[in-house]
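One-letter residues, chain by chain:
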Amino acid sequence: DQQVKQNSPSLSVQEGRISILNCDYTNSMFDYFLWYKKYPAEGPTFLISISSIKDKNEDGRFTVFLNKSAKHLSLHIVPSQPGDSAVYFCAATGNSGYSTLTFGKGTMLLVSP
Amino acid sequence: ETGVTQSPTHLIKTRGQQVTLRCSSQSGHNTVSWYQQALGQGPQFIFQYYREEENGRGNFPPRFSGLQFPNYSSELNVNALELDDSALYLCASSLGIDRGGGGTIYFGEGSWLTVV
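Residue numbers (the working numbering), protein chains in the order written: chain A, 1 to 113; chain B, 1 to 116.
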């Protein structure tokens with residue numbers, strides 16, 4: 001049973017436009033949400049996170065929005081650049097006492113020039 | 001670069017064999033977690049070691065075992081390999097039980113295991 005779901009396997013966007021990646025979760029105990037970016041042959045790298053007590057967090061071109069009532073979060077990338085082409089994983093963590101991440105299946109973003 | 005190194009990067013094993021994967025955590029980090037990423041899936045938590053003790057385990061059978069050494073490096077051992085064990089195995093290091101809200105969980109590049 002998937003607790004973190006990314007329902008779009010892939011997304012194509014033109015350079016300069018907005019990329020919106022979506023993520024849903026089912027576990028109410030999650031209280032921190034993170035986005036990781038992964039290039040081929042590399043490990044996931046941290047992009048941005050949000051605490052459950054917030055509804056928005058912004059870092060440069062990246063903004064994450066959290067809607068707790070809908071158990072939904074989204075990552076906005078504006079403007080999108082070809083170097084943003086990668087697989088994006090949504091992950092969540094709860095107060096389990098140890099730092100484990102529950103990941104979605106990922107969304108492959110392709111930004112074309 | 002994250003400072004987390006894994007070896008080997010690629011290996012092929014035969015069903016029924018045993019494999020050991022290794023991870024050196026980032027300097028100063030005392031917690032290592034292992035994840036399995038099958039093709040088309042997100043990483044799945046296998047287990048975590050904190051100060052040489054197993055500190056949590058995901059839904060993996062006992063043939064998946066691990067160790068953490070005094071220098072906080074770690075090994076993942078898988079016995080009686082099955083075809084479904086073919087995956088990318090990721091090591092992540094962190095300090096204590098930091099849940100990574102500030103991006104403080106660092107992943108290595110992974111070890112690709114193919115079981116034939």
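These are computed hints drawn from the structure, not numbers from a lab.
Glycine included, every Cβ here is placed at the ideal spot set by N, Cα and C.
Possibly wrong hints are sitting among the right ones.
[Stated by the list, open to error] Here chain A is said to cover these stretches of chain B; the calculated rule only asks that three of the stretch's residues, wherever they fall, bring their Cβ under 8 Å from a Cβ of chain A:
#1 19-26
#2 45-59
#3 105-115
These are the hints, each one checked on the structure:
1. Here's how the segment 19-26 of chain B fares: 0 of its residues keep a CB closer than 8 Å to some CB of chain A, so the rule of at least three is not met and the hint is violated.
2. Counting residues of the segment 45-59 of chain B whose beta-carbon sits less than 8 Å from any beta-carbon of chain A gives 6, enough to reach three: the coverage restraint holds.
3. Chain A is given as covering the segment 105-115 of chain B, and this holds because 6 residues of the stretch bring a CB closer than 8 Å to a CB of that chain, at least three being needed.
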